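Undergrad: Now for the letters of each chain:
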Amino acid sequence: MKLEHLSALNKARVERRAIVLVTDVATGEQRIVPGENIAGDVMADQLDAALRSGKSGGVEHEGKSYFLTVQTPPVRLIVIGAVHISQALAPMAKVAGLDLTIIDPRTAFATPDRFPDVNLIAEWPQNVLPGIKPDRYTGFACFTHDPKIDDPALEVALRAECFYIGALGSRKTHAKRVERLTGLGFSPEAIARIRAPIGLDIGAVSPAEIAVSVLGEVIQALRKKPLRTEAPVKAGAAA
Amino acid sequence: MLASDDDILARAEDWRKAGKGVAIATVIETWGSAPRPVGSHLVIDGDGNFLGSVSGGCVEGDVITQAVDVIEDGKPRTIEFGVADETAWRAGLSCGGRIRVYVEKVN
Numbered sequence: 012m013k014l015e016h017l018s019a020l021n022k023a024r025v026e027r028r029a030i031v032l033v034t035d036v037a038t039g040e041q042r043i044v045p046g047e048n049i050a051g052d053v054m055a056d057q058l059d060a061a062l063r064s065g066k067s068g069g070v071e072h073e074g075k076s077y078f079l080t081v082q083t084p085p086v087r088l089i090v091i092g093a094v095h096i097s098q099a100l101a102p103m104a105k106v107a108g109l110d111l112t113i114i115d116p117r118t119a120f121a122t123p124d125r126f127p128d129v130n131l132i133a134e135w136p137q138n139v140l141p142g143i144k145p146d147r148y149t150g151f152a153c154f155t156h157d158p159k160i161d162d163p164a165l166e167v168a169l170r171a172e173c174f175y176i177g178a179l180g181s182r183k184t185h186a187k188r189v190e191r192l193t194g195l196g197f198s199p200e201a202i203a204r205i206r207a208p209i210g211l212d213i214g215a216v217s218p219a220e221i222a223v224s225v226l227g228e229v230i231q232a233l234r235k236k237p238l239r240t241e242a243p244v245k246a247g248a249a250a
Numbered sequence: 770m771l772a773s774d775d776d777i778l779a780r781a782e783d784w785r786k787a788g789k790g791v792a793i794a795t796v797i798e799t800w801g802s803a804p805r806p807v808g809s810h811l812v813i814d815g816d817g818n819f820l821g822s823v824s825g826g827c828v829e830g831d832v833i834t835q836a837v838d839v840i841e842d843g844k845p846r847t848i849e850f851g852v853a854d855e856t857a858w859r860a861g862l863s864c865g866g867r868i869r870v871y872v873e874k875v876n
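Here the protein sequences line up with chains R and D, keeping their order. With this note's numbering, the residue at position 99 of the first sequence is 110, and numbering never jumps. With this note's numbering, the residue at position 39 of the second sequence is 808, and numbering never jumps.
Next comes chain R alone, as it looks inside the complex:
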């Protein structure tokens, strides 16, 4: 491995960018493919699949064996609202390997007692999100239904092209949300990326069940389709 390739891998990791090192196992020949260049690569399909799975592995291409060293940033989930669903979601997200942060400015909700061992921030989303720097490997689930709290987070999530953006609320609540975001200049395509009603349609009723449906939807968004061609999936009602 050339030192410059090693440096590129390490730099991408620090900067939370996806990158693949392609090694011809027989010859030792190597090349680096940054995540944003994958679409135009001769091995686009294989690289894309590798990036979505986030796993290193061997592939065959035109009769040659290659090893793909895949590096994707740890996936983060930012939950807006320290509510009952969030309490159920926190341990599940942890088990699923997501790096979870819960933000809620309402100090009555955002207490360590209610959220043991959770990265909990009792601040307004607009004050803390710039420091967190959401990116496409960040998902957002907004659970407050309060426009004052959810909307600023949704704005950040849409601009950052987060792989998953979900917002709790009835169709009526969401229709009003769409109006507000349209007023802020977001296109219908951008707004359509918000999963609302939030969660997979599994008939979830209790907070824990809704948490399962949201977690399932997050994983679906992460694994099932290419991150960069994320198309909105219309999920059924879960809340």
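Please note that the accuracy of each hint is not assured.
The list that follows gives simulated cross-link-like pairs (lysine-lysine, PhoX-like), each with its CA atoms no further than 20 angstroms apart [unchecked claim]:
| no. | chain 1 | residue 1 | chain 2 | residue 2 |
| --- | --- | --- | --- | --- |
| 1 | D | LYS844 | R | LYS13 |
| 2 | R | LYS75 | D | LYS844 |
| 3 | R | LYS22 | R | LYS144 |
| 4 | R | LYS13 | D | LYS789 |
| 5 | D | LYS786 | R | LYS22 |
| 6 | R | LYS183 | R | LYS159 |
| 7 | R | LYS75 | R | LYS22 |
| 8 | D | LYS789 | D | LYS844 |
| 9 | D | LYS786 | R | LYS13 |
| 10 | R | LYS187 | R | LYS159 |
| 11 | R | LYS235 | R | LYS66 |
With beta-carbon atoms standing in for the labels, derived distance ranges [what the hints assert, rightly or not]:
| no. | chain 1 | residue 1 | chain 2 | residue 2 | range |
| --- | --- | --- | --- | --- | --- |
| 12 | D | GLY788 | R | PRO141 | 39 to 45 angstroms |
| 13 | R | ASN48 | D | GLY826 | 36 to 42 angstroms |
| 14 | D | ASP816 | R | ASP128 | 38 to 44 angstroms |
| 15 | D | TRP800 | R | ARG42 | 23 to 29 angstroms |
| 16 | R | VAL53 | D | ASN876 | 21 to 27 angstroms |
Worth flagging that the hints you see were computed from the coordinates, not collected in a lab. Bear in mind that the values here come from a model prediction, so they are computed numbers and not experimental data. Backbone N, C-alpha and C define an ideal beta-carbon position, used for all residues, glycine too.
Given the structure of chain R, go ahead and fit chain D onto it with the hints provided.
TA: Okay, now just chain D, sitting in the frame of chain R:
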């Protein structure tokens, strides 16, 4: 502290930049109950210092020995380990799995 695969590659870069000979070993294929997943790294310097792992400690000794050769001759190589291998007694995987490890020098 337990080193993650991320720290391991960062360390490899540090070692190389400090002028050391460095090799990176990567698990490229596994069969059966291999102890470390594909993509796991072990980095080795010319003095045999190492960080990370490619197995549960079963074959690291052999990989390190070969890595020192790789640092010297610069030629990457693929090594296979497993219970079916004739090196089983010396450097086999007690868990019954088999692994292929790619060892390369950092130039």
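Undergrad: Each of the hints needs a verdict: does it hold here or not?
TA: Status of the hints after comparison with the structure:
A hinted pair counts as satisfied when its Cα atoms are at most 20 angstroms apart, and LYS844/D with LYS13/R qualifies at roughly 13 angstroms. Distance check on the hinted pair: LYS75/R and LYS844/D sit about 19 angstroms apart at the alpha-carbon level, within 20 angstroms; holds. The suggested pairing of LYS22/R with LYS144/R holds, with an alpha-carbon distance near 17 angstroms, which does not exceed 20 angstroms. Distance restraint check for LYS13/R and LYS789/D: the Cα-Cα separation of roughly 14 angstroms lies within the 20 angstroms cut-off, and the hinted pair is therefore satisfied.
Among the hinted pairs, LYS786/D with LYS22/R is consistent with the structure: their alpha-carbon atoms are about 15 angstroms apart, no more than 20 angstroms. Restraint check for LYS183/R and LYS159/R: the C-alpha separation of about 17 angstroms stays at or below 20 angstroms, so the hint holds. Distance check on the hinted pair: LYS75/R and LYS22/R sit about 29 angstroms apart at the alpha-carbon level, beyond 20 angstroms; violated. The hinted pair formed by LYS789/D and LYS844/D meets the criterion: a straight-line CA distance of about 17 angstroms does not exceed 20 angstroms.
Distance check on the hinted pair: LYS786/D and LYS13/R sit about 12 angstroms apart at the alpha-carbon level, within 20 angstroms; holds. Restraint check for LYS187/R and LYS159/R: the C-alpha separation of about 13 angstroms stays at or below 20 angstroms, so the hint holds. For the suggested pair LYS235/R and LYS66/R, the alpha carbons sit about 14 angstroms apart, so the restraint of at most 20 angstroms is met. For GLY788/D and PRO141/R, the hinted distance range of 39 to 45 angstroms is satisfied, since their beta carbons lie about 40 angstroms from each other.
Range check, ASN48/R to GLY826/D: about 38 angstroms between beta-carbon atoms, so the 36 to 42 angstroms window is met. At about 41 angstroms, the beta-carbon gap between ASP816/D and ASP128/R stays in the expected band of 38 to 44 angstroms. Range check, TRP800/D to ARG42/R: about 28 angstroms between beta-carbon atoms, so the 23 to 29 angstroms window is met. A hinted range of 21 to 27 angstroms holds for the C-beta pair VAL53/R and ASN876/D, which are about 24 angstroms apart.
Comparing the model with each earlier hint shows a violation of hint 7 alone; every other hint is respected.
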